[in-house]
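Chains as they are written, first to last, in the numbering used here: chain A, 1 to 368; chain B, 1 to 368.
Don't read these hints as lab results, they were simulated from the structure.
Mixed in with the good hints there might be a few duds.
Computed spacing ranges between beta-carbons, pair by pair [claimed, not checked]: (1) B:167 with A:367: 36 to 46 Å; (2) A:45 with B:262: 15 to 25 Å; (3) B:256 with A:249: 47 to 57 Å; (4) A:55 with B:292: 36 to 46 Å; (5) A:261 with B:120: 48 to 58 Å; (6) A:206 with B:256: 17 to 27 Å; (7) A:368 with B:138: 49 to 59 Å; (8) B:246 with A:362: 43 to 53 Å; (9) A:74 with B:261: 16 to 26 Å; (10) B:308 with A:266: 33 to 43 Å; (11) B:262 with A:93: 25 to 35 Å; (12) B:334 with A:74: 43 to 53 Å; (13) A:74 with B:246: 34 to 44 Å; (14) A:205 with B:138: 31 to 41 Å.
Computed cross-link-like contacts, DMTMM-like style, restricted to lysine to aspartate or glutamate with a CA-CA straight-line distance of at most 25 Å [stated by the list, open to error]: (15) B:110 with A:141; (16) A:202 with B:167; (17) A:127 with B:141; (18) B:110 with A:121; (19) A:127 with B:139; (20) A:152 with A:280; (21) B:152 with A:251; (22) A:66 with B:151; (23) B:165 with A:70; (24) B:143 with A:113; (25) B:191 with B:168; (26) A:296 with A:280; (27) B:296 with A:48; (28) A:66 with B:278; (29) B:143 with A:280; (30) A:34 with A:55; (31) A:84 with B:278; (32) A:110 with B:141; (33) A:296 with B:141; (34) B:110 with A:280; (35) B:143 with A:121; (36) A:118 with B:258; (37) A:246 with A:337; (38) A:358 with B:280.
Every residue, glycine too, gets a C-beta built ideally from N, C-alpha and C.
Listed here are the chains, written in short residue letters.
There are 2 protein chains.
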Amino acid sequence: MNFDFIVIGAGISGVVIAERISTQLNKKVLIIEKRNHIGGNCYDYDEENGILIQEYGPHIFHTNYKEVWDYTSQFTDWVYYQHKVLGFIDGNFVPIPFNLNTLYGLMPLKLAERLETKLIDNFGYNKEIPILELKKVEDKDLKFLADFIYEKIFLNYSEKQWGLKPEEIDASVTARVPMVISRDDRYFRDKYQGIPKEGYTKLFEKMIQNKNIEIQLETDFKDIRDKLKYKKIFYTGPIDEYFDYKFGKLDYRYVNIDFQTWGIENYQPVAVVNYPNDYEYTRITEFKKFNMNESKQTTIGVEYPGNSGFMAWPVLNERNRKIFQKYWQEAEKLKKENIYFVGRLAEYKYYDMDDTVKKALEVFEEII
Amino acid sequence: MNFDFIVIGAGISGVVIAERISTQLNKKVLIIEKRNHIGGNCYDYDEENGILIQEYGPHIFHTNYKEVWDYTSQFTDWVYYQHKVLGFIDGNFVPIPFNLNTLYGLMPLKLAERLETKLIDNFGYNKEIPILELKKVEDKDLKFLADFIYEKIFLNYSEKQWGLKPEEIDASVTARVPMVISRDDRYFRDKYQGIPKEGYTKLFEKMIQNKNIEIQLETDFKDIRDKLKYKKIFYTGPIDEYFDYKFGKLDYRYVNIDFQTWGIENYQPVAVVNYPNDYEYTRITEFKKFNMNESKQTTIGVEYPGNSGFMAWPVLNERNRKIFQKYWQEAEKLKKENIYFVGRLAEYKYYDMDDTVKKALEVFEEII
Numbered sequence: 001m002n003f004d005f006i007v008i009g010a011g012i013s014g015v016v017i018a019e020r021i022s023t024q025l026n027k028k029v030l031i032i033e034k035r036n037h038i039g040g041n042c043y044d045y046d047e048e049n050g051i052l053i054q055e056y057g058p059h060i061f062h063t064n065y066k067e068v069w070d071y072t073s074q075f076t077d078w079v080y081y082q083h084k085v086l087g088f089i090d091g092n093f094v095p096i097p098f099n100l101n102t103l104y105g106l107m108p109l110k111l112a113e114r115l116e117t118k119l120i121d122n123f124g125y126n127k128e129i130p131i132l133e134l135k136k137v138e139d140k141d142l143k144f145l146a147d148f149i150y151e152k153i154f155l156n157y158s159e160k161q162w163g164l165k166p167e168e169i170d171a172s173v174t175a176r177v178p179m180v181i182s183r184d185d186r187y188f189r190d191k192y193q194g195i196p197k198e199g200y201t202k203l204f205e206k207m208i209q210n211k212n213i214e215i216q217l218e219t220d221f222k223d224i225r226d227k228l229k230y231k232k233i234f235y236t237g238p239i240d241e242y243f244d245y246k247f248g249k250l251d252y253r254y255v256n257i258d259f260q261t262w263g264i265e266n267y268q269p270v271a272v273v274n275y276p277n278d279y280e281y282t283r284i285t286e287f288k289k290f291n292m293n294e295s296k297q298t299t300i301g302v303e304y305p306g307n308s309g310f311m312a313w314p315v316l317n318e319r320n321r322k323i324f325q326k327y328w329q330e331a332e333k334l335k336k337e338n339i340y341f342v343g344r345l346a347e348y349k350y351y352d353m354d355d356t357v358k359k360a361l362e363v364f365e366e367i368i
Numbered sequence: 001m002n003f004d005f006i007v008i009g010a011g012i013s014g015v016v017i018a019e020r021i022s023t024q025l026n027k028k029v030l031i032i033e034k035r036n037h038i039g040g041n042c043y044d045y046d047e048e049n050g051i052l053i054q055e056y057g058p059h060i061f062h063t064n065y066k067e068v069w070d071y072t073s074q075f076t077d078w079v080y081y082q083h084k085v086l087g088f089i090d091g092n093f094v095p096i097p098f099n100l101n102t103l104y105g106l107m108p109l110k111l112a113e114r115l116e117t118k119l120i121d122n123f124g125y126n127k128e129i130p131i132l133e134l135k136k137v138e139d140k141d142l143k144f145l146a147d148f149i150y151e152k153i154f155l156n157y158s159e160k161q162w163g164l165k166p167e168e169i170d171a172s173v174t175a176r177v178p179m180v181i182s183r184d185d186r187y188f189r190d191k192y193q194g195i196p197k198e199g200y201t202k203l204f205e206k207m208i209q210n211k212n213i214e215i216q217l218e219t220d221f222k223d224i225r226d227k228l229k230y231k232k233i234f235y236t237g238p239i240d241e242y243f244d245y246k247f248g249k250l251d252y253r254y255v256n257i258d259f260q261t262w263g264i265e266n267y268q269p270v271a272v273v274n275y276p277n278d279y280e281y282t283r284i285t286e287f288k289k290f291n292m293n294e295s296k297q298t299t300i301g302v303e304y305p306g307n308s309g310f311m312a313w314p315v316l317n318e319r320n321r322k323i324f325q326k327y328w329q330e331a332e333k334l335k336k337e338n339i340y341f342v343g344r345l346a347e348y349k350y351y352d353m354d355d356t357v358k359k360a361l362e363v364f365e366e367i368i
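Working from the sequences, and respecting the hints, build out all of it.
This is the structure:
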């Protein structure tokens with residue numbers, strides 16, 4: 001088998017790089033993918049009831065990078081979906097991240113008014129405050145609020161999500177969700193947000209429809225690598241797996257999703273409801289709400305993070321960073337053999353989808 | 001070809017003048033129109049699903065001129081539609097122009113109450129304040145509000161709409177939308193407002209049904225002008241085009257509209273939603289809401305101003321005003337050859353529909 005380029009993995013990184021090579025360089029690319037489908041964890045499929053199911057949990061495309069939005073928009077129309085998450089807190093559905101509407105939803109009116117005034121006086125209006133920073137305030141009222149948010153929104157959710165105490169994970173991960181001093185109920189505040197109108201899988205199919213691209217599903221790269229002739233390899237799989245775990249295994253958090261179909265039109269008020277404190281699951285996703293689907297029934301996914309299921313997130317902490325650094329040094333050496341490591345798994349990073357697209361486009365520009 | 005009167009262009013100005021000539025003077029008129037339809041940018045058509053689509057974006061008839069309302073009402077019944085626009089601001093749909101309800105929709109309660117009191121004390125109740133004037137206040141709270149409105153409603157929208165900084169366009173244009181100190185959520189406060197019951201195209205068809213009127217579509221006036229004999233010409237096309245751009249091209253802002261049909265009954269809460277800050281489009285129009293249509297599906301138009309598409313608005317600024325003045329001097333000289341320039345394109349003015357009707361009626365009275 002003789003290809004100019006080999007791409008290992010058909011997730012976002014692999015598909016973007018293959019698309020660029022096939023259209024910008026007009027060269028032949030082989031994509032090798034272990035799973036029986038493309039799209040990585042963004043993969044979705046049309047259920048019999050017409051609802052697009054995201055097999056690996058909710059994926060909302062959001063970005064402030066105009067170039068990423070423009071690039072992606074070449075391959076799909078959008079549902080201009082704006083993501084809103086409710087948290088089930090003390091028996092109420094309230095906006096997440098915690099904002100001023102959440103405050104009024106959970107606190108008595110007079111207390112909420114006092115806290116709101118103090119928040120604005122201390123931090124200003126329309127500001128985002130990391131919860132761990134809010135914890136440092138000295139004012140008695142604000143201290144009460146900080147403790148309340150920490151306990152009801154942050155602590156138990158982090159433990160369910162990661163199976164670790166907050167202090168055992170980098171703040172960069174746990175602090176992804178701040179407190180927001182505004183009445184903006186959206187989960188993201190990026191300029192561009194949406195869900196591909198026909199789903200992610202169709203979007204990726206369109207990206208690799210160029211005749212220069214060949215794809216082999218259900219194939220382990222290691223099984224065929226001896227037979228391959230190539231000029232360059234882009235490896236987007238787990239970096240520790242590439243090196244046969246010789247420095248140890250990098251930790252990932254896994255997820256099991258329990259899919260349930262109900263004979264009702266609406267299961268919950270919004271697409272995603274978080275359960276920080278109740279039950280063992282972290283969230284329930286109702287998929288039809290992403291695509292304005294008017295089916296008479298609805299399918300939900302109840303999400304259980306744990307040590308089994310599919311590989312969902314890197315566990316970013318001191319231990320794993322040290323192990324990763326050893327692998328990355330090895331990976332850097334392979335550049336001279338024209339093997340390049342790129343993407344969430346190969347770089348062991350908590351990339352959002354837009355970061356992944358951006359990085360893949362940059363790597364293409366840089367290397368080619 | 002021998003006509004008493006020639007009218008170039010079948011938009012509002014051309015159609016009104018032709019109607020007057022045919023019925024009041026009982027004289028023959030030829031209308032020459034480049035496009036394949038009448039009505040100019042007001043043109044609408046009945047989609048298969050029974051929804052009237054306004055091909056060139058939302059047109060709401062509104063006026064304080066009784067004579068304009070009475071004149072127009074001869075040719076159509078009305079949907080007494082009162083235009084309300086929502087802006088998508090910080091994740092909330094709030095009334096545009098910014099009014100006291102917008103204030104309560106975006107601000108925390110206590111802050112909103114304080115700002116409301118100060119606004120009324122400073123400017124009075126039921127007053128309209130241009131946003132650029134509000135920016136001049138010195139009170140700290142009002143300054144915060146002025147900056148907030150400027151940033152969230154005005155600045156980014158102006159830049160999307162015009163592709164220019166606010167200071168590069170006349171304030172008469174950017175200041176069309178003021179802040180309103182009242183609870184009136186309407187976009188316009190004119191006495192008469194509505195949408196022609198059968199649409200604008202039917203209205204214009206009725207205006208030109210007199211047997212004295214002949215119309216040639218898809219015809220460029222310049223191609224046939226040598227063959228024409230006439231007493232008077234009314235030219236309603238672009239003034240720079242008439243003079244072969246000899247003093248340079250006048251700038252226009254163009255618009256592309258992406259029409260999408262969705263299998264749902266309602267796409268958004270009102271007919272027009274503005275997006276000042278998110279995405280690249282400025283607004284989305286849901287057409288069925290203009291005509292009280294009960295279709296099971298809905299068609300929207302997503303509007304992208306730019307340098308391509310159809311000619312939508314004159315870019316009123318110093319440069320263009322100077323160029324226009326040169327053309328207008330030439331146009332004035334042509335009066336003695338019985339050629340008259342009238343309308344939005346010929347006068348390079350940001351006329352609303354009612355201004356255009358009024359001006360055309362005045363020009364008819366004056367010249368005939």
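The hint says 15 to 25 Å between residue 45 of chain A and residue 262 of chain B; measuring C-beta to C-beta, is that right? Given about 21 Å between the Cβ atoms, the range holds.
Range hint compliance [Cβ, residue 256 of chain B to residue 249 of chain A, 47 to 57 Å]: 52 Å, holds
So if I understand the rule, the pair passes when the alpha-carbon distance is 25 Å or less; does residue 143 of chain B with residue 113 of chain A pass? Holds, at about 22 Å.
Taking 43 to 53 Å as the hint, is the beta-carbon distance of residue 334 of chain B and residue 74 of chain A inside that range? Check passed, 49 Å falls within 43 to 53 Å.
Does the structure keep residue 296 of chain A and residue 280 of chain A at a Cα separation of 25 Å or less? 29 Å, violated
Starting from the hint 17 to 27 Å, judge whether the C-beta atoms of residue 206 of chain A and residue 256 of chain B obey it. Holds: the Cβ-Cβ distance is about 22 Å, inside 17 to 27 Å.
Just to be sure I understand the hint, the distance between the Cβ atoms of residue 308 of chain B and residue 266 of chain A should be within 33 to 43 Å; is that true here? 41 Å, holds
Take the C-alpha atoms of residue 66 of chain A and residue 151 of chain B, compute the straight-line distance between them, and say whether it is at most 25 Å. Holds, at roughly 20 Å.
Residue 205 of chain A paired with residue 138 of chain B, Cβ distance criterion 31 to 41 Å: Roughly 59 Å apart at Cβ, these two residues miss the hinted range, so it is violated.
Within a Cα-Cα threshold of 25 Å, do residue 110 of chain A and residue 141 of chain B meet the stated pairing? Holds: residue 110 of chain A and residue 141 of chain B sit about 22 Å apart, inside 25 Å.
Is it true that the CA of residue 296 of chain A sits at most 25 Å from the CA of residue 141 of chain B? Violated, at roughly 50 Å.
CB of residue 74 of chain A to CB of residue 261 of chain B, is that within 16 to 26 Å? Holds, at about 22 Å.
In summary, the structure is inconsistent with hints 14, 16, 21, 25, 26, 29, 33, 34, 36 from the numbered list given earlier, while agreeing with the others.
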